[in-house]
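Protein chains in written order, with this note's numbering: chain A, 1140 to 1809; chain B, 61 to 174.
Be careful, since some hints might not be right.
Said to hold, decoys possible - Subject to a maximum C-alpha distance of 35 Å in a straight line, what follows is the list of computed DSBU-like cross-link-like pairs (lysine-lysine):
| no. | chain 1 | residue 1 | chain 2 | residue 2 |
| --- | --- | --- | --- | --- |
| 1 | A | K1766 | B | K102 |
| 2 | A | K1492 | A | K1475 |
| 3 | A | K1766 | B | K110 |
| 4 | A | K1726 | B | K102 |
FYI, nobody ran anything at the bench for these hints, they're computed from the structure.
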Amino acid sequence: MLSRKAISQFALVIAVLLWISFMVSDMFLMFGNTSNIDSGISDKLPDIIFNLFIIAIYLFYKFRIGRAETVNFTDLLWRIFVTGLICTIISFILKLFLLALEATRLAQNILLLDFVYLINLVLITVFLVSTFIVWKRLILYQKTKFLVRIWNTFEYILILSIIYSALPFEIYPNLTLYYVVLLIIMGLFLSANMRWVAYLNFKQKWKSILLIFLTLLYLGYFSSNLYGLINAENQFNTNLWDNVFLLSLIAFIFIYALFSLLVILFNLPTSSVFEKKLEEVVNFQKLSQSIQTDQSEEQVYNILLESSVSTVLADAAWIEVEDQNDLFTENITKHKIDKIKSQIDENTEKGNKQINRLKGVGFKSIAIFPINVQSQQIGTLALLKEMGDGFDKDSANIIKTFVAQTEVSVENSRLINQALENERYKEELKIAKEVQTSLLPDILNKNEQFDIKAFSVSADEVGGDYYDTYQINDNLFSVIIGDVSGKGTSAAFHMSQMKGVFQSLAQLGLSSKKFLINANNAISNCLEKTSFITVSYFLIDTEKKKIEFSRAGHCPTIYYSKKSNKARFFTNKGLGLGILRNGDFHKYIHVNRLTYQPGDIILLYTDGISEARNKNGEEYGYDRIKKVLDTNTNETTTIIQERLINDLYDFTGSSFINDDYTTLVIKFNN
Amino acid sequence: MIHIESILNDGVKTIRVGGDVDASSSIQLDTEIKSAIEGGDKKILVDCSKLNYISSAGLGVFMSYIQDIEANNVKLVIFGLNEKVLNVFEILGLNQLLKIENSTEAAKAYLNEI
């Protein structure tokens, strides 16, 4: 496809060629007539060429002048003005030229007069067609389907008139007149479409009036000029008044120009109101957009400030955002604001308020609007005017909608920030969870003499339950289970400290009591006042088949003895780590020593299991734990652990227990 | 839910603790005991006869005042613990460091010892 520009340029070239051939053929014909020589061409030829020329010019402007938009109405009018000006100047120069020759015989030369007339005819055609296209653009601004139909009909009839003019005979007497009248009526109807006028601002309206007025002047000048020429020597081949097309065009352009002029003139007084409303809409749109775009709170406040000031024509304004200690000002100093605020404070009313009696600050009236986010006032917007009683109900309502819009934007932006922050915390917690999970050993130290199996779940991302093992030498193992008071992040930190303490002390091969005393000393310095850690510490000697263990406030160990076929609790005395932070801790630690037999089982757990509650509020309790062990003494550690946890879930009714819970099962092999 | 109230009567501060003391409600318990000790009360009676459950955080509150009690010559006695709650105190070993009595009378008798 050819571009619009290419088409218009092509049309221009054709138009110039047609123009030249029109001039030559017409002059030739005229020369033939005056000299009584048969020129050998039909007297209709210039007419046909002229009509073709009109079509070329029409195409040229159709593709040259683009669609009307809010911003370019005056540009379109300006274009007509310039075209008209150039045409008028050329025509005027020709007129002066004729005047200068008046005294000479040359002035009577019919050929020269014809030449001038033809140039004028071409000029007015250019002017009319270009104006017609501009009118079309303006009329079809914000077009409706109906309007487009009418317009198309109008245009087809117009183009048809070109063909009609070229007909060598008259179809019907006075048809030309009827034709012109029909086109004028349609033109009148179309001239009622002036939507574009509403979008002109005050300045543009004045400019448009001027431009349209000048257009009318050109039109008048051309028409009278041509009329004068025709009247003087009524023998030209191409008569303007015979051309339905040009005649209708002149009438239509004149009507629309006149209508526009009057409509704009009458719209002048109300244009400021319309402009203000338009600005309100634009401002409101700006604020609405701030919801979607990721504008910062600061930008939103600035938009509110600017919009409010320009909408109600305030002389000064400020926005104070209390919860962020921000102040946005317009035409006012901080000092003055404080001075005004002291006057407002006397008036203790909450909410929107207007005061019309400010003193000594250069402003008489003030309107104050609270800015609320999540039903909390986060700031205020204050608008000031130098005159008294400066804010009416309408402007207050507009500002209220602006403020409401701002509130939504600010709330949105805050929620987004919160969400981002939460997301970051979640990410951090995920890392913490990974780190902590790595603190609990994947593989527990053991040898062929015993099996060991652990299971642990945290209520939150991170927890305070702990278990670990350490192989001191080929036959000596230490095992620990622990529970940090509280849960969540703080418990997880203490648990990691406990891991450090265990890993450093276990390798020393201390007795269980020594281990706990040292651990108490070490951990007491790390815990806050209300925190403690309960642990049970075991030393397993697989050579001597002996176990030594101590309890530091931890849930009693359940020991199943194969020999007696009985499980029992070791509830001897003990004290949690970190409770007693002086030297007396050792007094509260008891050491158990026993020799194990193949098939013996040690069952360890944290209070997350024993204190887990069902929906009736009952605790799972020690006895249920013991019962699971009692009924599964022949099973492997893995099965015992699974049965215990399944039994626990059956009891609580779900796998969600609101505490960290851990179990550790040790079974001695045959 | 925790229910907590303090009464000062004849130089004895009675703190009644009822309901569940978990991680969040333990703060209220801490505030009450703290204000009693810092307020100069020398005889403190902690009535736990309505106490249903205490978490490790609640135990941590009692634990944290063990040394303050000794240092300030305060007599603090806990009484009325139900079996379950008493067991929790015992397993942790707090019964060895805090005075725990079964009845009001025994608790008051302890406070009035010289």
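Results for each hint:
Restraint check: the Cα-Cα separation between K1766 (chain A) and K102 (chain B) comes to about 46 Å, which exceeds 35 Å; the hinted pair is violated. In summary, the hint linking K1492 (chain A) to K1475 (chain A) is supported, as the alpha carbons are separated by about 19 Å, within the 35 Å threshold. Only pairs whose Cα atoms come within 35 Å are accepted, and K1766 (chain A) paired with K110 (chain B) is accepted, the gap being roughly 30 Å. In summary, the hint linking K1726 (chain A) to K102 (chain B) is supported, as the alpha carbons are separated by about 27 Å, within the 35 Å threshold.
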